[in-house]
Structures are given as structure tokens and as C-alpha cells.
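*Asks:* In order, the protein sequence lines correspond to chains A and B.
Using the working numbering, read the first sequence as starting at 3 and increasing by one per residue.
Using the working numbering, read the second sequence as starting at 47 and increasing by one per residue.
Hints listed in this document are in silico derivations from the structure and should not be mistaken for laboratory results.
Every value quoted in this text rests on a predicted model; they were computed, and no experiment measured them.
Ideal Cβ positions, reconstructed from N, Cα and C, are used throughout, including at glycine.
Careful: at least some of the hints might be erroneous.
[Unchecked claim] Derived lysine to aspartate or glutamate pairs resembling EDC-like cross-links, with alpha carbons at most 16 Å apart: (1) B:Lys52 x A:Glu68; (2) A:Lys76 x A:Glu102; (3) A:Lys76 x B:Asp253.
[To be verified] According to the in silico footprint, chain A covers these stretches of chain B (three or more CB under 8 Å from chain A): (4) 53-61; (5) 67-79; (6) 150-161.
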Amino acid sequence: MESVLSIKNLTKRYGRLTAVNNLSLEVSKGQVFGILGPNGSGKTTTLGILLDVINKTSGEFSWFGEPASKEMRKKIGAILETPIFYPYLSAAKNLEIVAEIKGAPKSNIEPALKKVELLDRKDDKFRTYSLGMKQRLSIASALLCDPEVMILDEPTNGLDPQGIAEIRELIKQIANEGKTIILASHLLDEVQKVCTHFCVLKKGNLIHVGSVDEVSKGASSVELMADDENIKEVLSGYDKTLKVEKEGNRYIVNLEDGVTASDLNAFLFSKGISVSHLVTQRKSLEKQFLELLAVSDNA
Amino acid sequence: MLRLLKIDLIKLTNYRAFNVLNILYAVLIVSIPITVIEFLKWLKVKGAEFDGFDPMKIPVLHFTDIWQNVTYVYTFLKIFLAIVIIISVSNEFSYKTVRQNIIDGFSRVDFLKSKLATILLLSIGSTVLVFFTCLVTGLIYTPDLDFGDVFTGSEFVFAYFLDLLAYLIFAFFLTVLFKRSALTVFMLLLYRPIEGTIIGLLPDSIDFIGDYLPMQAFSALIEVPFPRYWFQEIQDYVAFDAVAVVILYIVLFVAAIHYKLKNSDL
Chain A
3 MESVLSIKNL TKRYGRLTAV NNLSLEVSKG QVFGILGPNG SGKTTTLGIL LDVINKTSGE
63 FSWFGEPASK EMRKKIGAIL ETPIFYPYLS AAKNLEIVAE IKGAPKSNIE PALKKVELLD
123 RKDDKFRTYS LGMKQRLSIA SALLCDPEVM ILDEPTNGLD PQGIAEIREL IKQIANEGKT
183 IILASHLLDE VQKVCTHFCV LKKGNLIHVG SVDEVSKGAS SVELMADDEN IKEVLSGYDK
243 TLKVEKEGNR YIVNLEDGVT ASDLNAFLFS KGISVSHLVT QRKSLEKQFL ELLAVSDNA
Chain B
47 MLRLLKIDLI KLTNYRAFNV LNILYAVLIV SIPITVIEFL KWLKVKGAEF DGFDPMKIPV
107 LHFTDIWQNV TYVYTFLKIF LAIVIIISVS NEFSYKTVRQ NIIDGFSRVD FLKSKLATIL
167 LLSIGSTVLV FFTCLVTGLI YTPDLDFGDV FTGSEFVFAY FLDLLAYLIF AFFLTVLFKR
227 SALTVFMLLL YRPIEGTIIG LLPDSIDFIG DYLPMQAFSA LIEVPFPRYW FQEIQDYVAF
287 DAVAVVILYI VLFVAAIHYK LKNSDL
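Please build the complete structure, drawing on both the sequences and the hints.
*Replies:* Structural data, given as C-alpha cells:
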């Protein structure tokens, strides 16, 4: 895989505080790479260093195998934290500045605005925009140079559910065009829904790297409800059951690898029990994340 | 450099305070000679008696005196343009747009250059306006015009340019240091009395240092011209060493801004 970003032993200290500690990472072309971590774990600091707005204390990083330079940044579409624009300028003027800086043709401005559905508001001043519109405008600005890589830092922060869904759609659409996306978030659900790979940071330390698919593999658990007094015994009696737990009026059954809810259903049916509720629970990133954090706490 | 100037101008020409302050400044430049003339006329009309002397004959606005007189007065107006620069730079910090500019593909030096380009443009524009205002005023009011004398003393326009340029870069430097516009304007206004106090406190043996402090060095470019009207000796030329000191300060300030930008997290 072609390497897009390579970080080696990156460290940033603010006095005694170590914001990023000896971080090494690789991001390959075409990945949607999620950087997860609680608030203050060093996500934004790391991205700030990669984009040269924060000076690193030590370590190395390279974009496309070359050391960082302003020419490299012109090929990256990036948003850090909140959308930043000149509030007294219209969206079109703001994007004109970005296009001039990036050396992108001005003819890219209209299609970018159209993609985020802001074309009819392009002559309105940025300060009149709602938060969702501001977020969309910053995505438009990141798209101006037709970037190889997009860096998004908490892109759905502060948005309403509809806004979150819109931004998510947009990210998926951009990812489908084969662009590499690096996405920092503390919303696990968001990372699970859009990312292919992820890493977890905690207090500046890298505690996990892997693919999102691996998380949902492995042993699955099934949630079910049935009107039968002996249900717990029957469930425990199934030879592929690992564990049964009662949660309210529902039962959570952990099954062996490769055993599915339909296998369990068939078994119950054969015992003359019909279930009124049956759901396969995917192991979520959230669980994995909390586990990882807990493990690192004990370490 | 032109591309960087263009980018900074997109930011500024759509900003109302920038346009208002510039227009105000230009109006002041043009109106001062007119006001002086009107004042002299008023004195005459009111029949002020100067032992039979006609106030209109005081050669304040005549060639060759006009160049030094008017440019000297104009140096007091530079605070207007300094405020323009302070707003332009402090906005970038308070809106965090300097950070976004760099994320988008500026280097820190590009940012520095784009602001310097605007400072240079304002200085040149203002100098051209001053030059023509002096020229036209002098042509109108000089009696017995001798065309050989017209440009004698016009080197003060260059001195005015240098003084303004150095002052604006000093304002840029203060803004990079203090970030907030109100605080920076306050510090800029406060700096002169601070320098005055330092000069006052210097022991006699090293008081020559006082002449080399920035504001003192800038004002040495155009010495006070008016005592000549009560028959005192004045320095009616631009001193070479004053020019050299101011250029040195410009270089120093730019280097300091560069150092500060390079080493800060934005």
C-alpha cells in the first residue's frame, strides 16, 4: 500500500505536560483513518503538528514520503476544530482566499459550494451562517484543491442529528471517490460508521491501532425475549452457549465463534420455545474502546 | 509577492474599518494645507495687524519650505494607518485565520510577506498622495514661482515614506507581540512617553543612546521646521545617518516578527 502519512516518534511538550508522546503511525492511500481519544488526548495537537501550525518538540513525519512543506499542505484539505473563516466576508470571498493560497482555480469554488448545498447562500456573510452551514463551508473549502488527503477534526461537533447525518453522507461520498481521510473524533459511533481503520490515543500515548472490521468480528452475543419460565435453563443447556445474563426482562446470550442467532433460534424452536424478540449484538467500537482505555489504566 | 498582496487585499478591501480609516486619512492629508491657508486668510480678513505684515506672505506653504513643513505635520497622522495595520493583523489572530491560512498552504514567511506587502502599498500610496498634495499646494500658493525651486526639499517626501514605513512595521511587530487590537493600540500610544521617560532617565555620559531609540530615531528624519520663522537655525535637510538608523530598525523589526511567528504555536 502506498503510504500517505508516516509519523515516527512524534513528541510535543508544553512545559511539563506531554501532549503527544513518542507517537508513530502509518496511514495508507484510500484508508478512512479514525483517530479516537477522549478530550485532551492529543488528537488536535497531533493534527496541528502535521499541518505545521504547532511546532513539534521532537520526532519526524512525512506526507507522501516527503518532508512536510507548504506545497504539501496545498494538496491537503484540512479542518481543525471549529470552521475558521473571515466573518465579515461572504462564503465566495472566503473560498477565493483559500483558492488563492492553494493555487486552485477559481472555477472550483462553485462546484465545491454546490456539493455542500451552499450555492444559493454564497454571497451571504460567513457570520450569518448556522453552525451546520459553517461546517459544510469548511468541507467545501477543504475540497477546493481536489485534495489527495482530507483531515477532519470533529467534523460533526455541535451539529443536530440531521446535520450529523448530512456530514456523514458527505464523508462517505468523498471516501468513495478514493480519497484518503483522516478523521479525529471522540464519537465512537461516528468512527465505526465511516472509518476503515482507527487508532486510539490517550494522554498523548498511542494505545491501539487496527482496522474497524476486526472489531466487529469474533464472538457475537444475542439479545432475546421469550414468554417461557424455563427459558434460562434452556438457554444454558444449549451446548454452544458461553454465558447467559438477564437484563431486565431480556436475556443476553454469548455464543461461540461462528454460531449465529438463527442457530440459536432453531435450537429454541426445537425445544418448543418461540421468541418474541431476537437481535444480534455486534461488538461495538465503544466496548472495545472502553476496554482499551480500562486496560491502559491498569497498565 | 504580488500574489500575497492580492490575498491580503481580498481580506481587507471588503472590510469596512479598513476603507473608512484609509479614506479618513486621505481626507486629512488633503485638507491640512487647505485649512492652513483658510486660517491665514481668516487672519487677514479679521484685520489682524502684524505691523502692516500680510499673513499670507508667511512662506509656510511656499516652495521650498512646504516640503519639510507639511511632511513634518503629516508624521502626526501616521497613527491612523498604524491602526489599520493593527486591525488587519490582530483580526488574523482573533479570528484564528492565520492558523487556517497556514493549514491551507501558507508558510509563516508567506503570512509575514503578505502583511508587509500591504504595509508597503499603504506607505507608497500615502507618499504619492502627500507628494501631489504638496506639489499642487505649492504651485497654487507660491508667489513669484521659480520652477527651478519646485523640487528642492522634496527629499522630505522620501523621509516621510521611510518614517511611515518604519512606524507601520513597528505597529505590526507590536501586534504580533500583543495579539489584541485595543491592547496594541494602547501600547503603541504609550510607547512614546515610555521612550521619553527612558531618555530623561539616561545618565549624561550615555545620553546619546536616547537619539537611537526607535521613535526618536524616526523623528530625526524630519526635524521640526517651524523655529525658522522666528529666525532660529534648523536642520533643513534629511540626514544620511538618520536614514541609515531607520532602515536598520526596519530590518530589526522584520527579523523580530519573523522570529516570533516562526517560534509560536498558532
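*Asks:* Sort out whether glutamate 102 of chain A lies within 16 Å of lysine 76 of chain A, counting only the CA atoms.
*Replies:* Satisfied, since the Cα-Cα distance of roughly 10 Å is no more than 16 Å.
*Asks:* Is the Cα-Cα distance between lysine 52 of chain B and glutamate 68 of chain A 16 Å or less?
*Replies:* Violated, at about 30 Å.
*Asks:* Has the segment 67-79 of chain B got at least three residues whose CB is nearer than 8 Å to a CB belonging to chain A?
*Replies:* violated (count 0)
*Asks:* Would you say the segment 150-161 of chain B counts as covered by chain A, given the rule of at least 3 residues with C-beta under 8 Å?
*Replies:* holds (count 5)
*Asks:* Quick one, are lysine 76 of chain A and aspartate 253 of chain B close enough, alpha carbons at most 16 Å?
*Replies:* violated, 52 Å
*Asks:* Confirm or reject the coverage of the segment 53-61 of chain B by chain A under the rule of 3 or more residues with a beta carbon closer than 8 Å to the chain's beta carbons.
*Replies:* Coverage by chain A holds here, the residue count being 5 at a Cβ distance below 8 Å.
Hint compliance for this structure: hints 1, 3 and 5 are not met, and every other hint is.
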